[in-house]
Structure formats: C-alpha cells, structure tokens
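Chemist: As given, the protein sequences belong to chains A and B, one line each in that order.
Position 407 of the first sequence, counted from 1, bears residue number 407 in the numbering used here, the numbering being contiguous throughout.
Position 96 of the second sequence, counted from 1, bears residue number 96 in the numbering used here, the numbering being contiguous throughout.
No lab work stands behind these hints, which were simulated from the structure alone.
Be aware that one or more of the hints could be misleading.
The list treats identical chains as one, so a pair stands whether inside a single copy or across any two.
[Claimed, not checked] Result set (DSBU-like, lysine-lysine): computed pairs, CA atoms no more than 35 Å apart in a straight line:
no. : residue 1 : residue 2
1   : Lys-421   : Lys-446
2   : Lys-67    : Lys-113
3   : Lys-32    : Lys-76
Number of protein chains: 2
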Amino acid sequence: MTATTLPSTDWDAFVTALDGIEVIRDAVQVAKLSRDYYTYSPILQTLLSDKVGDLVVRPVNEAEVLKVAKACVQFKVPLTIRGAGTGNYGQCVPLKGGVILDLTRMQTVKWVKPGLACVEPGVKLVNLDKQTREMGWEIRMAPSTYRTATVGGFIGGGSGGIGSITYGQLRDRGNLHAVRVVTMEDEPRVIELRGDDVQKVNHAYGTNGIITELEIPLGPAYPWAELIVTFPDFMTAARFGQVLGDSDGIIKKLICICASPISNYFAALRSSIPTDSHCALLMIAEPCLEPFGELVREFGGTICYQKSAQEASKGVAIAEFSWNHTTLHARSVDPTLTYLQTLFPYDPDLKLLEHMYHHFGDEVMMHLEFIRVSSCVVPAALQIVRFSTPERLQEIIRYHEDSGAFIANPHTYILEDGGRKTIDPVQLQFKEMVDPYGLLNPGKMKAWEQSH
Amino acid sequence: MTATTLPSTDWDAFVTALDGIEVIRDAVQVAKLSRDYYTYSPILQTLLSDKVGDLVVRPVNEAEVLKVAKACVQFKVPLTIRGAGTGNYGQCVPLKGGVILDLTRMQTVKWVKPGLACVEPGVKLVNLDKQTREMGWEIRMAPSTYRTATVGGFIGGGSGGIGSITYGQLRDRGNLHAVRVVTMEDEPRVIELRGDDVQKVNHAYGTNGIITELEIPLGPAYPWAELIVTFPDFMTAARFGQVLGDSDGIIKKLICICASPISNYFAALRSSIPTDSHCALLMIAEPCLEPFGELVREFGGTICYQKSAQEASKGVAIAEFSWNHTTLHARSVDPTLTYLQTLFPYDPDLKLLEHMYHHFGDEVMMHLEFIRVSSCVVPAALQIVRFSTPERLQEIIRYHEDSGAFIANPHTYILEDGGRKTIDPVQLQFKEMVDPYGLLNPGKMKAWEQSH
Chain A
1 MTATTLPSTD WDAFVTALDG IEVIRDAVQV AKLSRDYYTY SPILQTLLSD KVGDLVVRPV
61 NEAEVLKVAK ACVQFKVPLT IRGAGTGNYG QCVPLKGGVI LDLTRMQTVK WVKPGLACVE
121 PGVKLVNLDK QTREMGWEIR MAPSTYRTAT VGGFIGGGSG GIGSITYGQL RDRGNLHAVR
181 VVTMEDEPRV IELRGDDVQK VNHAYGTNGI ITELEIPLGP AYPWAELIVT FPDFMTAARF
241 GQVLGDSDGI IKKLICICAS PISNYFAALR SSIPTDSHCA LLMIAEPCLE PFGELVREFG
301 GTICYQKSAQ EASKGVAIAE FSWNHTTLHA RSVDPTLTYL QTLFPYDPDL KLLEHMYHHF
361 GDEVMMHLEF IRVSSCVVPA ALQIVRFSTP ERLQEIIRYH EDSGAFIANP HTYILEDGGR
421 KTIDPVQLQF KEMVDPYGLL NPGKMKAWEQ SH
Chain B
1 MTATTLPSTD WDAFVTALDG IEVIRDAVQV AKLSRDYYTY SPILQTLLSD KVGDLVVRPV
61 NEAEVLKVAK ACVQFKVPLT IRGAGTGNYG QCVPLKGGVI LDLTRMQTVK WVKPGLACVE
121 PGVKLVNLDK QTREMGWEIR MAPSTYRTAT VGGFIGGGSG GIGSITYGQL RDRGNLHAVR
181 VVTMEDEPRV IELRGDDVQK VNHAYGTNGI ITELEIPLGP AYPWAELIVT FPDFMTAARF
241 GQVLGDSDGI IKKLICICAS PISNYFAALR SSIPTDSHCA LLMIAEPCLE PFGELVREFG
301 GTICYQKSAQ EASKGVAIAE FSWNHTTLHA RSVDPTLTYL QTLFPYDPDL KLLEHMYHHF
361 GDEVMMHLEF IRVSSCVVPA ALQIVRFSTP ERLQEIIRYH EDSGAFIANP HTYILEDGGR
421 KTIDPVQLQF KEMVDPYGLL NPGKMKAWEQ SH
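Looking at chain A on its own, in the form it has when it is part of the complex (with noise of 0.2 Å):
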C-alpha cells in the first residue's frame, strides 16, 4: 500500500471533526472502495493496483459535504470522490491516500419536469430513469453500467454512451444544464455553475470541486425495441450502422456493431446469437419498426433477436452487452484481453475502418458504437485488443493516431492524457480557486501538477 504524502494525519482528530457523518474505516472495505473498474487496462493495473485511501466518507446532504471539505482543508488530507465507482480508467482512484468521499448516499431527486431533472450526484441513472419515465421522459444517455452507476459519476468521468446517437456527448453544449459544486477553500463554500459555466467541472475527474446537485437534460422516452441483427461480414453490418445512423427517419439510442468473434464472448446470448457472427446490436423506437426492417433487408442481414419495448423491460438488456460491457463480457472469458478508444474521423465511406479492420486482424477486434459528433454520426470504436506488450499497445496506438483516428487513451488516469489531449485552461483556473491547496483528487490533472 501506499502510504499518504501526510502520514502524520491524526485520522482520529479528523474522524471526530465530521462530527457523526458516516465513516468508514475497516481496511477491506476503504480497499473496495478505492478501486473502480481500471482492470480493464494492464497498463492502469500495474500503476494503480497499490493505491488506497485512508477512510472513506460518506456524507447525505450538502450540509455535510461542507463539513467533510472543512475537514479535509484544516487537515491538509487528499479528497477523492467517487460514485458507485464504474468507471475505467482510474477516475476515483487515490493516488496519494486520504479520504474517500463516497456520494452513493445522497439519492434525492430534487425535481422533475418535462425536458429536465435535477439531481443529487448519488441519485443511480437506472433510478432516474424509472422516476422519469413515469412522465413521459428518460435520461438522454447513459454508460452500459446504468443499472449501477451514479449521476455525478458519469459527469465526473463518463463521456457519453447509449443515447450519444442522438444527442452527441457529455461536453456537448445543452447536455449539462446546472451544477452545485462545493470548495475547499478555508471556508468551504457552494458555487452554482450554469450555462457553459458548467464546463469549469464537467468530466473533470473531481479535480476542482465536489459537485453536490446536477440539473441534467432529459429525451421523450421512446418504447425502444431490442433487436440483434448478424451479416455475412463485418464491413456490411458497420455500413449498415452507418446508414441506420444516417436514416434520420428511423429513431434510435443505441448502433453497436460487433465483428467477429467477439459475440461468442456474450454467454447470456449465446443461444439467440450464431458462433462467429458479425452482429449489430441495436434499440430502435417500436413506431419505426417497419422502415428499420425494410434496411435490415437491403443489407441482407438476419435478426436473430428481438424483444419489444415491454419484453425488454425485463431479463438481459441488450444495452449491457454494448459500450463498455461489450470489453467486460470479453475479459470474463478472457482475462488478458483489453481494449481501445478509437473516433474514427467523418466518412460516410468508412474507409480508414475498413483499413484497420483488415491490418490488425484478430488482434484488434472491432467494436462500434455510432455516436453524433457536430450533428454528423461517426463510429466510435471499443476495440477489443489481444494484449502482449505495453510497448505493442502503443504501438497500436500510434498507428491509429498516424493515420488520423483519434484516440481516447483508456490506458491512462491521466484527464488530459486520454480524451482531452490538451491542457483545458478553464478547468485549471477554476482549480486555482477552489481548491487553492491541490487536496481534490491529486495526481489527475497535469495542468495543475505541471505548475505547482
């Protein structure tokens, strides 16, 4: 274990300046709560696998989020906050001990109306989405860990995910309406951000404030249909994707194309999906159910699976096979296996997929996820990688980056090292006032490490 760049703290002091808010102490416990899914990557394993906090926190309002922040400044400890902790790149991780603020305990919804919600950070997106739902709306997307993940969790680390084929990214102005965020400056105080104000903390790992209420956007909930259609090869299922994303008049929340083998991965589909297939897994509005059929025609593909709206809201959801998961049920079978990030540039033609789907072969299976980026829809890939090497991964890497995919570093806990690529100063400046002593989540932020 790591020690704390403070191990001169007296937790006992500290513990009694909470004065009676949840603490969590046991060490199997604060060890579990110190992790999240960073697995995924051998490179993240390796740098994080020793990294823990000291005691866990686990506040219920604001109120006392403000007690926690106070204590932590008097004490100069590290504060590293985490929802249900799902994300995959270290996100929640303390690299130099501490606290951890666990906010799974402030679940209120505070409102709903049509188009929008607003939310304590705790509050699960499955839980929101039942609220929601029951007056016509959902949450507009969601990672494939929805049935377990946080609100602020997927602000604080997520990018996107099921639903981004129609409404883009996180960071995609209007995504984000609001945020309460609270300081720790001496006198812990709350900020509320609206507007593109609420980029100063958006997917900003909780490096520069401790977010305690979200006004988030919602989507008219659609009855969406679950369907799995395979294809002869991979290239005519990820052009159909493409043209599915394309046919405006078709709605859907969620284009997953999976080449082979990777669906033989998928145990609990292994009796709906054919071994080897080159699949698309998909959710499409009931209402556009015959248009879509007519397109799974033209392609020449084989639905091999579906379930209504109401079959669909219960038993196995197609959605925890896509994103993400699609990379979990893959290394549940095999365990040295990992993946990329890949935004493939516009092209309609998807040419530069064609070329990397053919020159790594097996190595680099391919795994889409069709999002909007600027209104047009590009395949996001989740390439699943035979791992051998760090240094072949970056090689990989590299060839992707040469070639002109982006990549989204999923091998990195680094903020700017993986989606952002550049020092986001806004982020950093807001740093500077709200946490003037580096205690939030130390380690993440380049922009601030590099210039104190």
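Dock chain B against the given chain A, drawing on the hints supplied.
Modeler: Chain B in isolation, oriented as in the chain A frame:
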C-alpha cells in the same frame, strides 16, 4: 383557356356516371381549383396561367374515389389530384384539362397511436397536429402552409420543411410508413404500399395513383419557444445557424436565417425586428433555452423576439415567415421577386455559401433553412431573387450548379426537372401498371411522356 385533349367528352354523361358524388362545374370555381401558388415563378406564370380543368369532383371517401377513377377511365379523361393547392410548381395544375380531383373532403383521422397516425389525404396538417398533441405527439415536419395544407398534398408534392432539421426530408426512409392507392385501370382497385414500396408514389405529383390513406410517423411534441435573433453580419448569422444545427444537445424545429433586407418584408414582425437586420427565426424546445442562450451570446446575437410555447399558440406564428412563406411575404411587398431552391454541400465552414452571398449581392438575397441530410446538418437555401429575364435566372442557376450547389429548380412543373434530376424507374414502372392510359396528371412525369 386550353381545351381538353378530348373536346368530345360528354360531361353531362360523365357527371351522371358519378352517381351523386359532389361536382363543381361553375367556371370561376373550377378555374380557382385549377391553380396553386406557381405564381412565385415568372416562368411558370407564363406556362400555366391558361391551364384549367373541365370540372372538379370532391369525393368524401375511398369508395367514391374508386367511382371517379372508373368514370375517368371509361371516358378517357385526364384526372389531376389536388389537396389545398398550396404547392409552388404547378403540381396540381391540369395541363390537359379534364377532372380536378379535390380530396379536401376526405378528412378522417383513422387512428393515432404513439409515434404513428393514419389519415385520409384531405386532413389538414394543423388539424392532425392538434389531435396528436393531445397524446404528446406531433407531425414530424410541415411546410410553412401547415395551417391550410393537407397531408396528402404534402406527401404528393412536398419535400420537407419545419422539422427537417431533426427528421430530414419526406423521402428519407421512415418518414412515410404506408399508403393506400387507387388505380386508374379498367377496373380500378386499391393497392396498399408499405415500407420502401411507398417510394413508388411518394412525391410523384399524383401521376401514378390516387392516395386515399396514409400512415405517417409522429415525433414527440416538445413545447416550442419561438425566437428571433439578430446578428451584426450575415455570415455570423449563417455560422450561428450551422453551429445551432450541429449542437446535438439543443433540440430545435426551425433554423431559418434571413440576410438583410429580407426581414424588412415581414410586415407583421416589423415592430419586433430592427430594419435591415440579419436575423435567425428559430423554434427551440423550451427546456433547452438556457444552453441556447449561451450560443446566442457566443455569436454576439441579440434576441429581439421571444414567445413561450404557450404564447406562440396564439397570434403570429414564426414558422409562417420561414420556408416558402419567406418568399410569399417578400412577394407581397414586391411581386417582381422570385426565388431559388438550393442545397449546399456539407461544409461546416460554409465556404461556398459565403462565396455565393458575396458573388450575387443584392440580386440573390440569402435565405437559409438548415436541414439534416444523411444525419449531417446543411443549409438549404430559398434565396429571394430579383428577377430580370429568364436567361439571367438560368445563368444564376447554372452558376450555382457549376460551383457544386444542388438546385431543385422551382421554375418547372416537370417532376424530374425539379429536385430529382433523374428518371425514377420505380415510379415509371408503377405508373405503367396503375395508369395504363396515362390519364393521371398528364404532362408532368417526363419518363412517361418520353416513352409514350
């Protein structure tokens, strides 16, 4: 008046054969019902002003349509179908006299389900919208004439409109689910076309079948706020429109950009829009107004007009200054004006658009309508043109085409010479079957005229 091709028709006997179906024979009424809004085009004005039918028949249901079809085949008289006659290319003007089939009495909404409606062709778009809104749904797209236009007329002669920024165009798969069509065979019958088969009659000007029922998809009914935003210069307004279109997190129904001096023609909005403004006419989902405001700020826009969805349900509707209504208002001030219909290629930098704006200056006033084409947002333009001669108009069209812009020529009544450009073998083949005598809207489908 042009005589019918069959001057020998015994119209009294024809009317008797109709067996009580409503007929209009009054010359003034017949002349009125032989027209549409082709007067926007000085070219069509010359070609069509003397075209008139022999009589108008107004069936109330499909059974009556079958009788009319049978009588027309028996007497070998042309039949031209019309809805509200709000088209602009003479789609429903009878070139060879004969029967005008006015379908506006067929106004039954057969059913409305979540996401789908089934209607007779004479249902007004505005009335369907009212009914579906009670269930939380609305028609996906509508022309600026939606208060008078019919569903059948929109499908037969339209292409898209308000809502196309989200759902693309009527020709896109999924935007028309099914139609029932009455044939003009010796024994007229009803054919149901579903799925891709609807393309056999979609946007065919009623040349190859009489549509008697339509299944059309619906979209979720957002509360739409109406706004007008002014900008210091046209290209800033245009770029604002592109970025708003590309903002996947902001839901919108209309992005109409008018270069100065177009808005000076909007009499009913004169008190709201400063003279000589470059402005954007917008319909934005109310829950998205906050992030929308940030975008306006980024582009230095000034909101000069704003109505909530509830306020917008009364009085002036902003949509009635967009699409072809922009031209209508301009022409009501200056009847010498005409227009173009242009689709610019996908280019978020708007380079070709900028070139055209500067190249033609005040002769071709820029009016943009942003729409989705295969998922990407592009500006369609309905430029207002200061007409001088047919030759100059042709020169302007050619310059656009040579530069890579697509012109859907609104100065022709020939189906293929408008937006389509090529013969549609599927529509021709369907006409061969259902209209063997070539009685339906003769002279409009070039493919047929050239082969018979």
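Chemist: Up to 35 Å between alpha-carbons, please classify Lys-421 paired with Lys-446: within, between, both or neither.
Modeler: within (10 Å within a copy, 56 Å between copies)
Chemist: Using 35 Å as the alpha carbon limit, work out where Lys-67 and Lys-113 are close: within a copy, between copies, both or neither.
Modeler: within (31 Å within a copy, 53 Å between copies)
Chemist: From the Cα coordinates, with 35 Å as the cut-off, is the pair Lys-32 and Lys-76 best called within, between, both, or neither?
Modeler: within (24 Å within a copy, 85 Å between copies)
Checked against the numbered hints above, the structure breaks none of them.
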